[in-house]
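Participant: If you're matching positions, the sequence shown starts at 1104 in this note's numbering and goes up one per residue.
Hints are computed from structural coordinates only; laboratory data are not their basis. We treat Cβ as the ideally placed atom computed from N, Cα and C, and that holds for glycine. Not one of these hints is a red herring.
Quick list of the computed label-pair ranges, beta carbon to beta carbon:
| no. | residue 1 | residue 2 | range |
| --- | --- | --- | --- |
| 1 | Glu1152 | Glu1253 | 47 to 53 Å |
| 2 | Glu1253 | Ile1380 | 20 to 26 Å |
| 3 | Asn1382 | Pro1171 | 47 to 53 Å |
| 4 | Pro1224 | Ile1203 | 33 to 39 Å |
| 5 | Pro1171 | Gln1329 | 20 to 26 Å |
| 6 | Arg1312 | Gly1169 | 37 to 43 Å |
| 7 | Phe1111 | Gln1329 | 21 to 27 Å |
| 8 | Glu1172 | Glu1369 | 40 to 46 Å |
For lysine to any residue, the following SDA-like pairs were computed, each having C-alpha atoms within a straight-line distance of at most 25 Å:
| no. | residue 1 | residue 2 |
| --- | --- | --- |
| 9 | Lys1229 | Leu1217 |
| 10 | Lys1229 | Ala1357 |
| 11 | Lys1229 | Ile1215 |
| 12 | Lys1304 | Ser1332 |
| 13 | Lys1229 | Glu1287 |
| 14 | Lys1138 | Tyr1118 |
| 15 | Lys1264 | Arg1286 |
| 16 | Lys1113 | Phe1131 |
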Amino acid sequence: MQGEESLFGKLNRLYPKLSKGQKRLADFVMKHYDKAAFMTAAELGREAEVSESTTVRFASLLGYSGFPEFHETLEELVRNRLNSIQRMEVAYGQIPQSGILHSVLSSDIEKIKLTMEHMDPEEFQKAVDIILNARTVYVLGIRSCAPLAEFLSFYLHEILKDVRLVSTNSPTETFEQMIRIEREDVLIGISFPRYSMRTLKAVEFAHNRGAKVITLTDSMHAPINQSSSCKLIARSDMASIVDSLTAPLSVINALVVALTMRKKDEVIRTMKLMEEIWNEYQVYSSEDEIAAAFDVKAMEEDSEEKEKGKR
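Just need the whole structure built from these sequences, with the hints factored in.
Facilitator: Written out as structure tokens, the structure is:
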């Protein structure tokens, strides 16, 4: 892997010239890069018994613009290497039981902030244009990404005429559902670590058929981006047995809102029709029905209390 050779090559080349503290940092990174990838500059400094400022300067010495870029390189190293058990060991080894809620929510907030800072507005707008101009929109996400694909396709159905959620029960079924994809169509492929080979192959298939491909993933270096026409990058948190996909979901929300505003009048007409259908077929409970249900429950409880009183 090129990222690994680049980082470790720099560490080995510069090691003789490093100070004692910097050598401790280099030793820790080379031996425990899987843990270092989930540490802040301050935490990494504490492990090497140096200051946070020394850690930041260490990243600059290696040729990075700052600690964030150095940290991204470490993340790239472990992105595909940690299995679920290793993820859990890394995450839960750092977080005390009492701090899990705060730590996980804070991490999700940070991932959304990072996504917002690094999202390319032009690339986002390009994705909106591609979807609006497509004849058919295919949406694909496998395993932990499947709920994201289902959520996106659910709302796209209310905006566009021809949206198809690609089922992933078997590899052959995936291609069978995409067999008619052509140049006028678009595939939205969603993939986050650990990357699915089936998603990668489906994206390659769509690309080879001449269709546009929009990818939603966590890195410009993600495998599916090799066949992508438009790349949407959203940060995810892989330091757990549970994949945190809060930031990708926020990007999907933004995509749906942007598409809705571009087709505002048509969406309003569709929603009015849907409201009529929902009311006619009692899809949702009305306020009167909910109030009546509570009244019945209250009457039943009152009757039970009276019966107890008689006894």
